[in-house]
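**Student:** This is what each chain is made of:
2 protein chains.
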Amino acid sequence: MSTPQAIAVLGGTGPEGFGLALRWAQAGEIVIIGSRDAKRAQDAAEKIKQRVGASAVISGEENLIACAAAELLVLTIPFEGHADLLKQLKPAIRPGSMVIDATVPLAASVGGRATRTLGVWQGSAAQQTAELVPKGIPVVAAFQNAGAELLNAEGPVECDVIVCSDDPGASQIARALATKIPGVRAIDGGKLENARILEQITALLIGLNIRHKGHSGIRITGLPDAAYKLA
Amino acid sequence: MSTPQAIAVLGGTGPEGFGLALRWAQAGEIVIIGSRDAKRAQDAAEKIKQRVGASAVISGEENLIACAAAELLVLTIPFEGHADLLKQLKPAIRPGSMVIDATVPLAASVGGRATRTLGVWQGSAAQQTAELVPKGIPVVAAFQNAGAELLNAEGPVECDVIVCSDDPGASQIARALATKIPGVRAIDGGKLENARILEQITALLIGLNIRHKGHSGIRITGLPDAAYKLA
Chain E
1 MSTPQAIAVL GGTGPEGFGL ALRWAQAGEI VIIGSRDAKR AQDAAEKIKQ
51 RVGASAVISG EENLIACAAA ELLVLTIPFE GHADLLKQLK PAIRPGSMVI
101 DATVPLAASV GGRATRTLGV WQGSAAQQTA ELVPKGIPVV AAFQNAGAEL
151 LNAEGPVECD VIVCSDDPGA SQIARALATK IPGVRAIDGG KLENARILEQ
201 ITALLIGLNI RHKGHSGIRI TGLPDAAYKL A
Chain W
1 MSTPQAIAVL GGTGPEGFGL ALRWAQAGEI VIIGSRDAKR AQDAAEKIKQ
51 RVGASAVISG EENLIACAAA ELLVLTIPFE GHADLLKQLK PAIRPGSMVI
101 DATVPLAASV GGRATRTLGV WQGSAAQQTA ELVPKGIPVV AAFQNAGAEL
151 LNAEGPVECD VIVCSDDPGA SQIARALATK IPGVRAIDGG KLENARILEQ
201 ITALLIGLNI RHKGHSGIRI TGLPDAAYKL A
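Sequence lines, in order, name chains E and W. No gaps in the numbering here: position 218 of the first sequence is 218 in the working numbering, and each next residue is one more. No gaps in the numbering here: position 101 of the second sequence is 101 in the working numbering, and each next residue is one more.
If you're looking for bench data, these hints aren't it; they were derived computationally from the structure. Yeah, the Cβ is synthetic: ideal placement off N, Cα and C, and Gly gets one too.
Under 10 Å between C-beta atoms, here's a sample of chain W residues computed to sit facing chain E:
(1) GLY190
(2) ILE197
(3) THR221
What the simulated footprint calls covered on chain W by chain E, stretch by stretch (three residues with Cβ under 8 Å from a Cβ of chain E suffice, anywhere in the stretch; the number is not a length):
(4) 150-162
(5) 175-189
Please take these sequences and the hints and turn them into a complete structure.
**Tutor:** In structure tokens:
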């Protein structure tokens, strides 16, 4: 797999996707915001352009067009639209591309609490994704714990991004992308099955935010520096 | 509930319980190590005494005797012995006492991996405990993520302890106990049902330790100082 040329942030008009798109645009990446509504995607891209400056290479498209135009697909959609969107996208996913899933199956998706997750049969939203993408497309779980408020604020993001995938090459690309966000350290968290833990940590952090009035993230302690280095 | 006089660390001859007992003995707490085998408990207490010095108030007893002698019961037993021990202890748990559960239902308990957890019907090991203790005994989930290696090493423990309980008073006592360990910050993590996330984080940290050759812990970022203060 070659280094991706463009990052499509699907569901990128939501706060999490917007924050990631902003950070990557700031880092000089080519970003395409995807949305159900092309106009909303273009508006979001315009907002980011105003914030980052004229150098930002960012555009907005309907999800399917954004997907077809990029090799690196980032899912930041509410869980209630997760499986449906993936089914729609499937024919547009290019061979050689990869999917990074930041989706968290919050119980809020079915009218429950954002401090609880739903049980997903496959184990996690990211594993559901792995089942729905075309054969051979690697799936990576990452960015669930880097909250929208942190991403959209100024300054470094005080959060480690744990990256889980069954494809070491795709994991590596996702970690490189994570470290483009100031403050973020990226850690290889092993296999995609561990995504279930990353997703649940988000529910815990949301609970801490409500309880303690903050914008929480996590840092892993006690690992050697090598754990944060890209190969 | 009055301030507990003695802490019984049940299963305290294992590395996690030993580490907690050591840290609390160092902090001047009255500690009773409990074990199936009184002799092993006494040996562990003796080792801690040698390490802490003559001032340490620590003894070793068979689990049931340790339980009956303390108001603060800390469970640090492998999950395969968790329910059985609680059934044995039930008649010895004194009214007015409380239970802190540090147990993690690792799949290793049934011959699987220590990087995976088992599904517990009640949601978590700590919630199983809540079902097995006498009515009115509060249960707190804590210390799952403060690894044995960190506790048994010299120096501060670089880990936050997230404390979950349905009983605010018991949560407060557990947080006070956590902050007696140098380096630890204690955070109110809300209801006992969140124990499932704390337990799974341990499996993630064990995976990181294996993958990156470290002794990992977690820190929560982005919360105000008040989140770490006891009321």
